[in-house]
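Novice: These are the residues of each chain, in order.
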Amino acid sequence: MTLEAGGSLKTGSGTGTSSLGSLFKALNSGTTTSRQIVESCLNAIDKRDGSIGAFLHIDRERALQAAEASDLRRSTGEVRGPLDGLPISIKDAICEAGQPATCASRILKGYVSPYSATVIDRLNAAGAIPLGRVNLDEFAMGSSSENSAYQLTHNPWDLTRTPGGSSSGSAASVAARMVPGSLGSDTGGSIRQPASLCGVVGLKPTYGRVSRYGLVAFASSLEQIGPFSLDVFGAAALLQTIAGHDPHDSTCVNTPTEDYLQTLDTPLTDLRIGVPKEYFGEGLDPEVQKIVEEALAVYASRGAKLIPVELPHSKYSVATYYIIAPSEASSNLARFDGIHYGYRSPNFADLESLYAASRGEGFGSEVKRRIMLGTYALSAGYADKYYVKALQIRRLIRQDFDAAFQQCDVIAGPVTPTPAFKLGELADDPLAMYLSDIYTIAANLAGIPAISIPAGWTASGLPVGLQLQGPVFTESRLLRAARMLEIDRPWIDRLPPVAGG
Amino acid sequence: MKYDVIIGLEVHAQLQTRTKIFCGCATDFTPDAPNIRTCPVCLGLPGALPVLNKRAFEMAVKAAMGLRCQIAHFTKWDRKQYFYPDLPKGYQISQYDLPFSHSGLMEIPADPEVAGAEGLTRKVRIIRAHLEDDAGKNVHDESGRGSESQVDLNRAGTPLVEIVTEPDLRSPKEARMLLEEIRLLLLYLGVSDCNMQEGNLRCDANINLHLHHDSGITTKTPIVEIKNLNSFRFLEQACEYEVSRQLKTYGHLEEIADRTKRTFGYDPQRGVTIEQRSKEEAADYRYFPDPDLVPVIVTADQIQLWQADLPERPQDRRQRYQTQLGLSPYDAGVIIEQGRAFADFFEQIVTHGAEPKQASNWITQEIQRILNERKCSIGEFPVSAELVGTILKKVSDKQLTLKAAREALDALVSYSEENTVSHETLEKVIQERGLAIVQNDELLLNIIQQVIQKNPKPVADYLGGKQAAAGSLLGQVMREARGADPQLVKSLVTKALDALKSGNS
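So the sequence lines, in the order shown, correspond to chains W and R. Counting in numbering that gives the first Met the number 0, the first sequence runs from 0 upward without gaps. Counting in numbering that gives the first Met the number 0, the second sequence runs from 0 upward without gaps.
Any given hint could be a false lead.
Unchecked claim - BS3-like mimics (lysine-lysine), calculated; alpha carbons at most 27 Å apart, straight line:
{"#": "1", "chain 1": "R", "residue 1": "K1", "chain 2": "R", "residue 2": "K219"}
{"#": "2", "chain 1": "W", "residue 1": "K276", "chain 2": "W", "residue 2": "K289"}
{"#": "3", "chain 1": "R", "residue 1": "K79", "chain 2": "W", "residue 2": "K367"}
{"#": "4", "chain 1": "W", "residue 1": "K276", "chain 2": "W", "residue 2": "K367"}
{"#": "5", "chain 1": "R", "residue 1": "K453", "chain 2": "R", "residue 2": "K392"}
{"#": "6", "chain 1": "W", "residue 1": "K108", "chain 2": "W", "residue 2": "K367"}
{"#": "7", "chain 1": "R", "residue 1": "K122", "chain 2": "R", "residue 2": "K136"}
{"#": "8", "chain 1": "R", "residue 1": "K453", "chain 2": "R", "residue 2": "K494"}
{"#": "9", "chain 1": "R", "residue 1": "K79", "chain 2": "R", "residue 2": "K226"}
{"#": "10", "chain 1": "R", "residue 1": "K53", "chain 2": "R", "residue 2": "K136"}
{"#": "11", "chain 1": "W", "residue 1": "K388", "chain 2": "R", "residue 2": "K500"}
{"#": "12", "chain 1": "W", "residue 1": "K314", "chain 2": "W", "residue 2": "K276"}
{"#": "13", "chain 1": "R", "residue 1": "K456", "chain 2": "R", "residue 2": "K402"}
{"#": "14", "chain 1": "R", "residue 1": "K500", "chain 2": "R", "residue 2": "K489"}
{"#": "15", "chain 1": "W", "residue 1": "K384", "chain 2": "R", "residue 2": "K75"}
{"#": "16", "chain 1": "W", "residue 1": "K384", "chain 2": "R", "residue 2": "K500"}
{"#": "17", "chain 1": "W", "residue 1": "K384", "chain 2": "R", "residue 2": "K79"}
{"#": "18", "chain 1": "W", "residue 1": "K388", "chain 2": "R", "residue 2": "K79"}
To be verified - Per the computed footprint, the stretches of chain W lying under chain R, defined by three or more beta-carbons under 8 Å from a beta-carbon of chain R, are:
{"#": "19", "region": "215-229"}
{"#": "20", "region": "247-259"}
Claimed, not checked - What the simulated footprint calls covered on chain W by chain R, stretch by stretch (three residues with Cβ under 8 Å from a Cβ of chain R suffice, anywhere in the stretch; the number is not a length):
{"#": "21", "region": "106-119"}
{"#": "22", "region": "377-386"}
These aren't lab readings, by the way, just hints derived from the structure by calculation. None of these values were measured; they are calculated from a predicted model. No residue lacks a Cβ here, since even glycine has one placed at the ideal position from N, Cα and C.
Can you build the whole structure from these sequences, using the hints too?
Specialist: Structure, rendered in structure tokens:
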């Protein structure tokens with residue numbers, strides 16, 4: 000296994016953390032310890048998070064204890080795998096026993112989960128160290144961090160800009176070199192879009208590849224938990240750790256996972272890359288287009304064939320998504336009722352006003368907007384017109400991909416139409432905000448895996464990602480393809496200003 | 000004016016699985032403390048997901064097969080959404096348009112009070128049976144001091160099968176009889192304990208009237224759904240009250256403009272139905288497929304296996320007892336009503352040689368009497384069905400009189416208090432107490448001769464034409480020959496006296 004060793008490794012100060020791959024190597028060679036790594040992460044957080052705003056909660060003691068336990072294991076030769084001793088930040092919608100899980104919502108302020116998500120159990124079992132809960136758009140609804148009830152997260156490459164969302168803190172914490180990896184969730188692009196805007200690797204697995212048990216549900220049929228990492232190795236190692244059947248999640252399929260790390264460094268030969276014309280049309284920033292096309296040229300120079308494909312129904316993706324996702328959300332968020340846990344308004348006279356006031360005061364405006372949209376779409380007399388119709392179009396979108404994958408192995412394109420926009424720029428324009436997910440949403444509707452990898456930087460220094468999508472359960476293929484670009488155009492040495500770049 | 004009563008039922012029965020329908024929590028609530036049988040799933044905590052309990056599905060299928068429903072090859076789960084404190088997820092997981100079963104049939108004797116129905120069988124079509132999770136319980140302050148209401152979620156997530164009938168019932172009595180028959184069925188199938196006090200079996204009744212006015216016009220009254228009836232009596236009473244209320248309210252109207260369905264509750268203390276929800280508040284449950292659960296695919300082979308495994312329905316047993324064992328409908332009914340263990344015991348008695356009618360009499364009289372005295376169930380009856388059968392076989396084989404058999408059973412029962420009873424015990428009891436019928440005619444004839452010699456007066460009286468005088472002779476012979484068959488004794492005594500008579504003449 001050749002490990003990407005990019006990224007300087009200084010503990011305690013300077014650039015903060017490095018990639019999971021190089022840390023793994025450094026731990027193995029004994030040049031550092033888990034404790035040193037965790038300390039350097041905590042230092043970087045102390046230094047930078049004041050300006051980034053990624054973390055909502057950090058349990059330092061627990062992380063340091065876990066690091067020491069890992070170092071002890073390593074000293075006795077009981078290393079649990081490539082992530083043993085490495086700190087990972089966790090989106091605040093993934094439950095960890097004894098930790099807050101606010102979903103960046105006022106309605107869950109002070110809520111502490113009594114149980115852990117399956118992915119957390121698996122991280123722990125692999126010796127990885129959950130280090131802090133990171134910000135998101137409230138209940139994963141949003142693309143900018145601006146919907147968080149608690150704080151804004153800033154893009155490490157330009158603090159006036161959004162890191163993207165909804166996994167804002169995941170992307171920003173990794174990009175700012177505060178942690179080498181993170182777990183986020185992707186319902187319509189919530190991993191890939193912030194990964195792209197922050198210049199890190201982000202992967203949305205096939206629907207059913209990773210257990211959703213313990214992920215606070217926004218839109219159950221669309222979302223998956225997935226990794227953020229500075230390097231492709233880290234994404235592969237994280238996926239390896241969290242993927243696989245879970246008896247607690249009926250939608251988590253019981254097909255064997257591949258060994259994503261084993262094949263990672265073997266380039267794909269005769270790769271056929273589908274390039275949908277729909278992804279290069281109106282609304283695409285020319286600079287983004289150029290960077291994406293240059294990345295495709297790299298693949299072509301490596302022997303890949305670029306094949307034009309069609310995804311004729313992709314233009315309906317956003318509309319379809321904004322029926323299905325809010326419909327499910329309106330139901331999933333019914334449990335936040337002010338009765339059982341979370342925020343209860345003091346302003347009530349009877350049961351109904353208790354519900355109305357608690358939810359009215361507890362939820363932010365985007366969440367309320369989507370609950371109302373979804374409630375409407377599922378109402379008697381409208382469900383056939385909206386919800387059922389949207390399910391039909393979802394099938395057509397899926398069929399588009401099936402047809403396209405007859406001709407190609409992966410589909411490539413931009414992740415977002417523009418580089419990171421300014422915080423506040425779209426805050427009052429929900430429709431424009433929704434359109435920032437225009438290229439990512441279809442993968443959720445189709446249930447296919449997709450990855451965002453850094454493809455380049457704009458003239459003003461903003462990262463731009465390349466998206467690769469594959470047929471279901473081809474995560475291994477996507478990671479290998481991503482690794483090809485990483486080998487050719489290593490990105491890890493480029494540091495954001497906040498990390499000394 | 001004539002009118003028809005139209006009733007359909009929605010029956011909810013809790014399935015007696017060991018664990019809840021979508022999580023691993025136990026379904027028993029003892030020790031009885033609130034919220035002790037809960038986990039992230041049934042508490043509806045953020046992030047928790049349901050996973051179907053296969054056993055609950057199989058039990059529900061069993062119930063549906065008992066109701067003679069068709070089992071669907073594809074079924075899915077839907078969310079029924081409403082806000083209520085006892086509903087932690089904000090929705091109930093139920094089945095909307097593709098229930099796991101449909102198109103069943105139940106039969107009960109028609110209510111003879113319904114015009115033209117005497118002696119007929121009422122066929123009640125089952126629209127569907129579907130599976131869902133139960134809610135918890137709201138616990139309100141009953142003191143009137145207005146302290147906080149509390150929620151107990153022990154029951155939340157227990158599997159419920161909901162059975163929906165067509166409005167094929169024609170009287171409150173039929174409604175009660177159907178619910179009784181469904182209860183019996185579920186008990187026989189072993190899928191629910193049907194404990195109505197605990198709310199494990201409850202029922203909503205949909206009821207309206209078709210009024211046939213003298214003018215020839217027929218008017219239909221608005222359908223009223225009476226919610227949450229938790230006893231047979233309340234079901235019948237609530238329906239009766241509702242019939243009279245609807246008659247009073249609408250009886251004089253040949254036209255009813257507003258026929259919106261309304262929801263009522265029943266107040267058993269006052270014996271009246273009370274409107275609960277007006278149409279303005281009519282719920283829109285916004286059903287949609289639960290994305291957290293996968294559809295269930297059932298193969299034809301699986302259905303066949305389940306079908307083969309299905310216990311006999313009480314209705315079929317009742318029929319079999321009549322046709323095959325020759326019991327009267329009444330006797331068959333009495334045995335079936337006592338439950339499956341009771342009926343099984345009866346059948347075992349028959350299997351071990353008892354004559355069915357005799358067995359029926361015994362189990363409903365002798366054994367029932369002992370059960371009542373000892374306040375125990377048939378499962379705790381100290382004498383095995385095999386032994387009871389053996390005792391009764393001795394009766395039909397003329398080895399024991401009925402009276403002696405009773406004595407033997409009583410002896411075995413009291414003997415059982417300190418010992419185990421076996422065939423040897425039975426033989427011992429018969430021997431020690433001299434219960435066996437004296438079969439030896441010669442011995443009997445000797446006794447008769449002695450009695451005749453010792454009692455010249457009654458003999459003379461008899462010979463003189465006083466038939467009744469034979470009675471005292473018979474009594475003496477019976478006393479001397481303990482356990483003799485009285486019929487036999489009577490014929491032998493009569494023969495002996497008649498012989499004297501002809502000798503004298």
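Novice: Assess, step by step, whether the Cα of K276/W is no farther than 27 Å from the Cα of K289/W, and give holds or violated.
Specialist: It holds: about 14 Å lies between the C-alpha atoms, which stays within 27 Å.
Novice: Does K136/R lie within 27 Å of K122/R when you go C-alpha to C-alpha?
Specialist: Violated. K122/R to K136/R sits at ~35 Å, over the 27 Å cutoff.
Novice: Take a quick look at whether K388/W and K500/R sit within 27 Å of each other, Cα to Cα.
Specialist: 105 Å, violated
Novice: Mind checking the alpha carbons of K500/R and K489/R for me, to see if they're no more than 27 Å apart?
Specialist: 16 Å, holds
Novice: Holds or violated: K384/W and K75/R, Cα atoms, limit 27 Å.
Specialist: It holds: about 21 Å lies between the C-alpha atoms, which stays within 27 Å.
Novice: Holds or violated: K79/R and K226/R, Cα atoms, limit 27 Å.
Specialist: Holds. K79/R to K226/R sits at ~17 Å (cutoff 27 Å).
Novice: Quick check: do three or more residues in the region 106-119 of chain W have a beta carbon closer than 8 Å to a beta carbon of chain R?
Specialist: Result for this restraint: holds, n = 6.
Novice: Starting from K453/R, check that the Cα of K494/R is at most 27 Å away, please.
Specialist: 18 Å, holds
Novice: So if I understand the rule, the pair passes when the alpha-carbon distance is 27 Å or less; does K79/R with K367/W pass?
Specialist: Distance of about 20 Å is within 27 Å: holds.
Novice: Would the hint linking K384/W and K79/R be met if the CA-CA limit is 27 Å?
Specialist: The hint holds at about 19 Å.
Novice: For K388/W and K79/R, compute the direct alpha-carbon distance and say whether it is at most 27 Å.
Specialist: Given pair K388/W, K79/R holds - Cα atoms ~20 Å apart, limit 27 Å.
Novice: Quick one, are K314/W and K276/W close enough, alpha carbons at most 27 Å?
Specialist: 11 Å, holds
The structure does not agree with the numbered hints 4, 5, 7, 11, 13 and 16 stated previously, though it agrees with the rest.
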